[in-house]
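*Asks:* Sequence:
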Amino acid sequence: MVCWSSTKLMNICIAALCKGQRLEKAEAVLIDGIRLGVLPDVVTYNTLIGAYCRFVSIDAGYSIIHRMREAGINPDVISFNSLIACATRKCLLSRSLDLFEEMVQIGIIPDACSYNNLMHCFFKLGKPDEANRVFQDILNRNFSPCSATFNIMINGLCKNGYTNNALMLFRNLQRHGFVPHITTYNILINGLCKARRLGTARRILKELGESGHRPNAITYSTILKCCFRSRQFELGLEVLSEMRSEGYMFDGFGYCTAIAAMVKTGRMIEANECMNQMMKNGIIPDLVTYNTLINLYCKERKFDDAFKLLDEIEKRGMECDKYTHTIIIDGLCKSGYVEEAQRHLDYMNSMGFGYNLVAFNCIIDGLCKAGYIDHAMKLFKSMEIKDSFTYTSLMHNLCKARRFRCASKLMLSCLKGGIDVLKSTRRAVLDGLRHSGFVSEARKLQSKIRLARLLR
DNA sequence: CTAGGGTTAG
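Residues in the first sequence are numbered from 1 upward in steps of one, following full-length UniProt numbering.
These aren't lab readings, by the way, just hints derived from the structure by calculation.
Do not take every clue at face value.
Unchecked claim - Listed next, the in silico BS3-like pairs over lysine-lysine satisfying Cα-Cα at most 25 Å (straight line):
no.: 1; residue 1: K378; residue 2: K409
no.: 2; residue 1: K206; residue 2: K194
no.: 3; residue 1: K315; residue 2: K302
no.: 4; residue 1: K315; residue 2: K299
no.: 5; residue 1: K444; residue 2: K416
no.: 6; residue 1: K299; residue 2: K322
no.: 7; residue 1: K423; residue 2: K264
no.: 8; residue 1: K322; residue 2: K400
no.: 9; residue 1: K369; residue 2: K264
no.: 10; residue 1: K334; residue 2: K423
no.: 11; residue 1: K334; residue 2: K302
no.: 12; residue 1: K400; residue 2: K378
no.: 13; residue 1: K444; residue 2: K400
no.: 14; residue 1: K334; residue 2: K280
no.: 15; residue 1: K124; residue 2: K225
no.: 16; residue 1: K159; residue 2: K124
no.: 17; residue 1: K308; residue 2: K334
no.: 18; residue 1: K334; residue 2: K264
no.: 19; residue 1: K448; residue 2: K386
no.: 20; residue 1: K386; residue 2: K400
no.: 21; residue 1: K299; residue 2: K264
no.: 22; residue 1: K194; residue 2: K124
no.: 23; residue 1: K280; residue 2: K299
no.: 24; residue 1: K381; residue 2: K423
no.: 25; residue 1: K19; residue 2: K90
no.: 26; residue 1: K386; residue 2: K409
no.: 27; residue 1: K416; residue 2: K381
no.: 28; residue 1: K322; residue 2: K381
no.: 29; residue 1: K322; residue 2: K334
no.: 30; residue 1: K322; residue 2: K280
no.: 31; residue 1: K159; residue 2: K194
no.: 32; residue 1: K90; residue 2: K8
no.: 33; residue 1: K225; residue 2: K194
no.: 34; residue 1: K369; residue 2: K315
no.: 35; residue 1: K448; residue 2: K416
no.: 36; residue 1: K206; residue 2: K299
no.: 37; residue 1: K322; residue 2: K302
no.: 38; residue 1: K206; residue 2: K90
Turn these sequences into a full structure, and let the hints guide you.
*Replies:* The structure is reproduced here in structure tokens:
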């Protein structure tokens with residue numbers, strides 16, 4: 001007799017192969033099993049559904065439903081839950097709803113997990129009311145909601161702009177004895193950060209520490225990213241030192257964010273410390289990490305160190321990307337080596353990289369700063385594509401050289417091309433015109449700027 | 001089933 005345990009054994013084997021993305025091998029094991037008289041059961045097919053959904057497509061997953069039926073096995077709630085979860089994850093939301101309905105219609109009773117999926121789907125559809133209805137349903141039917149239910153709810157509320165309700169739900173749950181998991185904290189912190197409520201986010205972070213959980217890499221990268229995005233570098237660095245004094249570690253992503261922000265704010269000593277700490281923690285640099293470090297060295301004019309890293313990239317069999325080259329070009333410009341920067345741009349082109357607008361902008365700025373504004377204007381005229389950086393850079397430097405009418409002309413072509421410029425540049429051009437006697441020209445330009453902004 | 005994310009220019 002073929003015993004139950006051989007099917008179970010086969011399932012374990014198939015599950016392991018599926019996990020390693022070896023679907024063909026898994027199918028081969030199944031065929032072998034059937035030939036030897038080991039019959040697949042609902043677990044076997046559910047494993048395959050999960051794997052096909054994840055690695056191939058939802059349709060491939062769904063086709064297993066047909067195969068099961070042909071083999072005389074009915075799909076169960078787990079089969080459908082995997083399909084629905086997969087559809088939701090891939091944002092095929094109407095598909096999720098159809099699958100849910102199909103499941104109910106063939107008489108399968110949804111479980112807590114099905115309802116969680118449904119809520120998640122409604123939130124992604126931007127229908128928080130529908131999601132809330134499902135949530136109330138879960139509570140009313142005494143489905144004993146698990147922490148995932150609450151997490152999906154809190155996350156969904158945040159993502160749909162109801163950060164306050166999310167916070168209230170969180171507090172309510174706590175009052176009822178719910179102990180938040182690290183995931184719950186992270187969801188809430190992310191929501192608060194995105195809503196620019198940094199103060200509250202920090203309070204929740206503090207509570208997280210007091211709760212006995214430790215903030216993980218996700219927690220900190222969420223907070224840091226948010227501080228730096230809103231240009232609150234001081235606060236970000238404060239969080240960073242808080243984290244350090246607590247003995248927390250970054251992953252490679254976190255270090256890159258932190259080092260880049262320090263370089264941008266001119267905190268070179270701290271950036272170097274951060275880099276050393278990263279090395280000590282055994283983070284193996286990837287290309288983005290190298291780019292970040294090369295940027296640090298270039299901005300410190302340590303070109304020897306920068307080129308050492310370039311060698312290291314090659315030695316490890318990696319290839320520099322457009323970021324690497326742009327960083328070098330900008331570094332050379334900022335150190336006054338504009339000719340070398342231009343040579344490097346030519347070299348980059350010969351390597352088959354496409355048009356590099358950022359690099360051109362760096363060189364335009366570099367030429368201006370080195371006093372070659374006419375040279376910069378010539379290059380500007382030859383450029384195929386320009387953006388607000390190109391114009392802002394030129395106009396700002398023209399103003400510095402007191403060539404306000406030329407800057408004014410550029411401003412007009414910005415308005416015509418629908419290119420936005422910095423407020424400070426607008427101010428510099430207008431004030432410059434006024435103070436150098438071109439009052440009526442300034443007035444005309446100002447009204448054109450107003451008109452353009454109204455039409456936008 | 002639920003959470004985040006890295007690098008360049010004004």
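*Asks:* Taking the hints in turn, state whether each one holds.
*Replies:* How the hints compare with the structure:
1. K378 to K409: With Cα atoms ~15 Å apart, K378 and K409 stay inside 25 Å; holds.
2. K206 to K194: With a Cα-Cα distance of about 18 Å, the restraint between K206 and K194 holds, given a limit of 25 Å.
3. K315 to K302: Since the Cα atoms of K315 and K302 sit roughly 20 Å apart, the hinted pair holds (cutoff 25 Å).
4. K315 to K299: 24 Å, holds
5. K444 to K416: 15 Å, holds
6. K299 to K322: Holds, at about 18 Å.
7. K423 to K264: Cα-Cα ~20 Å, so holds.
8. K322 to K400: 31 Å, violated
9. K369 to K264: 19 Å, holds
10. K334 to K423: 24 Å, holds
11. K334 to K302: 12 Å, holds
12. K400 to K378: 18 Å, holds
13. K444 to K400: 22 Å, holds
14. K334 to K280: 30 Å, violated
15. K124 to K225: Within the cut-off at roughly 23 Å; holds.
16. K159 to K124: Answer holds: K159 to K124 is near 8 Å, not above 25 Å.
17. K308 to K334: 20 Å, holds
18. K334 to K264: 13 Å, holds
19. K448 to K386: Distance ~21 Å between K448 and K386 Cα, so the pair holds.
20. K386 to K400: OK: K386 and K400 at ~21 Å, within 25 Å.
21. K299 to K264: Holds, because 9 Å separates the two Cα atoms, which is no more than 25 Å.
22. K194 to K124: 17 Å, holds
23. K280 to K299: 23 Å, holds
24. K381 to K423: Distance of about 24 Å is within 25 Å: holds.
25. K19 to K90: 19 Å, holds
26. K386 to K409: Cα-Cα ~15 Å, so holds.
27. K416 to K381: 16 Å, holds
28. K322 to K381: This hinted pair holds, its Cα atoms lying about 23 Å apart.
29. K322 to K334: Holds. K322 to K334 sits at ~18 Å (cutoff 25 Å).
30. K322 to K280: With Cα atoms ~28 Å apart, K322 and K280 exceed 25 Å; violated.
31. K159 to K194: Within the cut-off at roughly 9 Å; holds.
32. K90 to K8: Violated: K90 and K8 sit about 31 Å apart, past 25 Å.
33. K225 to K194: 10 Å, holds
34. K369 to K315: Not satisfied, since the Cα-Cα distance of roughly 36 Å exceeds 25 Å.
35. K448 to K416: 10 Å, holds
36. K206 to K299: 35 Å, violated
37. K322 to K302: Judged against 25 Å, a Cα distance of about 20 Å means the pair holds.
38. K206 to K90: Violated, at about 34 Å.
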